[in-house]
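*Asks:* Guided by the hints, dock chain W onto chain F, whose structure is given.
Protein sequences appear in the order of chains F and W. FYI, the numbering for the first sequence is 1 to 572, going by this note's numbering. FYI, the numbering for the second sequence is 1001 to 1035, going by this note's numbering.
If you're looking for bench data, these hints aren't it; they were derived computationally from the structure. Please note: incorrect hints may appear among the correct ones.
Listed below are several chain F residues computed to face chain W (Cβ distance under 7 Å; list not exhaustive) [stated by the list, open to error]:
{"no.": "1", "residue": "71"}
{"no.": "2", "residue": "501"}
{"no.": "3", "residue": "509"}
{"no.": "4", "residue": "520"}
Just so you know, these numbers come straight off a predicted model, no measurement behind them. Cβ atoms here follow ideal geometry from the backbone N, Cα and C, with glycine treated the same way.
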Amino acid sequence: MTAASFGLVTFFLLMTVLCVKPVGVYISQVMQGAPIWPLRVGRRFEAFIYRLCGMDPTVETGWRRYASTLLLFNVLGALLVYVLQRVQAWLPLNPQKLSAVSPDSSFNTAISFVTNTNWQGYSGESTMSYLTQMAALATQNFLSAASGIVVAVALIRALARHSAKTIGNCLVDITRCTLYVLLPLAVLLALALVSQGVVQNFSAYQDVTTVETPTQTLPMGPMASQESIKELGTNGGGFLNANSAHPYENPTAVTNFLEMFAMILIPAALTATFGRMVGDARQGWAVFAAMTVLFVGLVVTAVHSEQLGNPLVAKLGVDQAASPLQSGGNMEGKETRFGIAASALFATITTGTSCGAVNSMHDSFTPLGGFVPLFNMQLGEVVFGGVGTGLYSMLIFAIVGVFIAGLMIGRTPEYLGKKIEAFEMKMSSVAILVMPFSVLAGTAIAVQVAAGQAGVGNPGAHGFSEILYAFTSASNNNGSAFAGLSANTVFYNTALGLVMWIGRFWPIVAVLAIAGSMAAKKRVPATSGTLPTHGPTFVVLLIGTVLLVGALTFVPALALGPIVEHLTMWGR
Amino acid sequence: MSSILVDAPFVLIILALYALTRWMLWLILWLGAPE
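Just chain F, with the same shape it has in the complex (with noise of 0.2 Å):
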């Protein structure tokens, strides 16, 4: 690790550390509705939506009602997506005459963008209309992120509360936090961008005479606008192709550094909100300590292995140190204004966030710097995790982790003093399970199938990685993809599609069940037999718990892939 790569990540870190409590109280106090001024200014609008929906915002439901308006909510958006890519050949904001996108990739896109994931197996500059970029893909790059902090804010309420029978109002908490967090965030970020050069405008695309090629088409649109939410939202979605590699979505070194920071925010600070609302803030701080310390070992080991390069490329005499006219390391699929360090802490928040936004190309890391996107989403993207989903994956980590040291000592095991019974392992066995099971399942499918062999790009492990990657990808909801792996087939639309809406609302129906069941319940006071879950020993226990899980269900399928082609590369 250079003295640079070590400046940047600890500059990173500590920028994070900084905002952790002020965004974090911010998002509790407006969950909670607390009378500060955003509020108070945006009382009137939100007063109207409601009035619009016919709804009552006093009136809090049950988990089941929560759950039930949530999931009517998704599919609802999902249609309106699924519509939208199907006839915007019809529709106004279309400059580039684009026709209709084909009905396995509208349906893969709406399933996409709906559950947060942005799994993108089209192109976006020569697929979709500025219409549905904006009406179809950054609308839902808002409500899918509020989808998702609004089960952590049920999940939090419910361990805050004790004998009560209801989580909340889902379509309050959606319209609060889009208006009052992802709004007033998404304009700054996207004003901030624009100054360093994003593009942000309507017009058609600019044909220019270059040195190399007599004409090349100049991609234009509404992108900062989209980048921003893009960000901030976990989404991931890139309005090109290229994605948070072109240099129109992120042409410097201090936008790429704005876009990490915003993919880590929301994520982060949601554990200052945890603390807060449960009325105790080391419970938060130590729910990040146990994320801060899982995302710094994950960063140095990427960093460390693209910094110290491909010993193939050595053996033909390549120079890939370091020096002060290069960044050395293994370079192919990075930007060089980007460089190492920057390349791979964007790959390891992308992926530990369930963004999915990519500056670089993880299929061209070296094995051990692509195992970390990989192994950092099988974790169950808890390093910090989605918007919200990081946060309440984390949590049932921690209710698994306090019944597994429950029973070492013989005592109930309780989580903030509710105690945790067989329905709640359960609920939290589904929720962790879900996913491995669809990523497993699925690459088994894939790797069987001469459909799913048929997108390949790299025979042998590392084809085997591009299967396993794309599952991984999709039914974590996180959307970045390997590359190589030739995904805009109906088979790989459909299979992916399905996976990723299960990835997504099994385990949120099981937390909603977990959160009705806690808030349910009685507080009991703390014993000397009740282990403290803001210490250091709870950290430990949950990172453990964390790795424990994610190693024992992914180490046979990674041996196959980046492990052995990591053994390949260095033992020859």
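*Replies:* Same frame as chain F, but now just chain W:
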């Protein structure tokens, strides 16, 4: 007519995924969730 035929399977899959997830709610109730 042809558009309906090509779109119907994918719309039905979306609705089926929704129905299956709603069914999970009932399954969880059966497993002992509070009302």
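*Asks:* So, for every hint listed, does it hold in this structure?
*Replies:* Cross-check of the supplied hints:
1. At about 6 Å, the closest approach between the beta carbon of residue 71 of chain F and any beta carbon in chain W falls short of 7 Å, and the interface hint on this residue holds.
2. Interface hint at residue 501 of chain F: satisfied, since its Cβ lies 5 Å from the closest Cβ of chain W, which is below the 7 Å cut-off.
3. With a least beta-carbon distance of about 5 Å to chain W, the hint placing residue 509 of chain F at the interface is held under the 7 Å criterion.
4. Here the hint on residue 520 of chain F is kept, as its CB sits about 5 Å from the closest CB of chain W, short of 7 Å.
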